[in-house]
Amino acid sequence: MAVTPGHTAVTSGSNGTRSAPSRIVAPIELPASGDELAAEAAAQLGWDAVLLPRLTMFGRRVYVVARLRPEAHAERIALGVGPVTDRASVSTWTWPELAASAPPPAAEIVGVLAVARHWRTGLAATVPFARYGDAAMVLPHSATLSHDYVDNCLPRARAYGLAVVTADENATVGLDLSGRDERITLGEDAVSRWVNEVVYEQLLALETPADAH
Numbered sequence: 001m002a003v004t005p006g007h008t009a010v011t012s013g014s015n016g017t018r019s020a021p022s023r024i025v026a027p028i029e030l031p032a033s034g035d036e037l038a039a040e041a042a043a044q045l046g047w048d049a050v051l052l053p054r055l056t057m058f059g060r061r062v063y064v065v066a067r068l069r070p071e072a073h074a075e076r077i078a079l080g081v082g083p084v085t086d087r088a089s090v091s092t093w094t095w096p097e098l099a100a101s102a103p104p105p106a107a108e109i110v111g112v113l114a115v116a117r118h119w120r121t122g123l124a125a126t127v128p129f130a131r132y133g134d135a136a137m138v139l140p141h142s143a144t145l146s147h148d149y150v151d152n153c154l155p156r157a158r159a160y161g162l163a164v165v166t167a168d169e170n171a172t173v174g175l176d177l178s179g180r181d182e183r184i185t186l187g188e189d190a191v192s193r194w195v196n197e198v199v200y201e202q203l204l205a206l207e208t209p210a211d212a213h
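Everything in the sequence shown is counted per UniProt numbering, starting at 1 for the first residue and increasing by one.
Calculated from the structure, these hints are not laboratory results. Bear in mind the structure is a predicted one, so any value in this text is a computation, not a measurement. Think of the CB as a built atom: it goes at the ideal place given N, C-alpha and C, for glycine as much as any other residue. Fair warning: there could be bad hints in the mix.
What the hints assert, rightly or not - Pair ranges (Cβ atoms, derived):
id	residue 1	residue 2	range
1	100	170	30 to 38 Å
2	43	145	20 to 28 Å
3	180	87	39 to 47 Å
4	170	89	45 to 53 Å
5	98	43	37 to 45 Å
6	174	74	35 to 43 Å
7	145	201	21 to 29 Å
Build out the structure end to end from the sequences listed, making use of the hints.
So, in structure tokens, the structure goes:
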């Protein structure tokens, strides 16, 4: 069998037949850094608070937009209780016998977002947080130009109440899907308390200059 220059012939096995490899599709690239796109998306969504550096929680890489709760923060200072990020310890705060003595949540989480090249990655990252409040994913505009996005992504995003922000080749962002305010969210539990403590720690770290230690 003749092989066209520039193509690699592949032998299929016992029958000796050969076939050319399938065309490789170049991966979709982000038009700017994740930090830049997250900041632009937060502004587009009207999330007026502090954008924290990207965090990894539950194996998901996300950006959290949050602010301190002044009264709760002041109470924590008075009690001498800083952020507690040990999950086992935080989980006890929801026990009936300990709930009354647990420190108050000192962070207000405005929203959680993920910057991803593909909607499936963005969905997997944000759905766990959408159960507790506003969440969104930021995608390259070119990633939304497919039947897969329209037929599979948008119905799932609507079901979970996720917002979708797109970024064109110039990194200009636009809102493609608004999140649902009327969706049912979970109340406070051990997971949300732990996330709040992680965010609280990050907010304090931003307020404390590095040379103050």
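Okay, the hints, checked on the actual structure:
1. 100 x 170: 30 to 38 Å: Since residue 100 and residue 170 have Cβ atoms about 53 Å apart, the given range 30 to 38 Å is violated.
2. 43 x 145: 20 to 28 Å: holds (24 Å)
3. 180 x 87: 39 to 47 Å: violated (29 Å)
4. 170 x 89: 45 to 53 Å: holds (47 Å)
5. 98 x 43: 37 to 45 Å: holds (39 Å)
6. 174 x 74: 35 to 43 Å: 40 Å Cβ-Cβ, so the 35 to 43 Å window holds.
7. 145 x 201: 21 to 29 Å: violated (40 Å)
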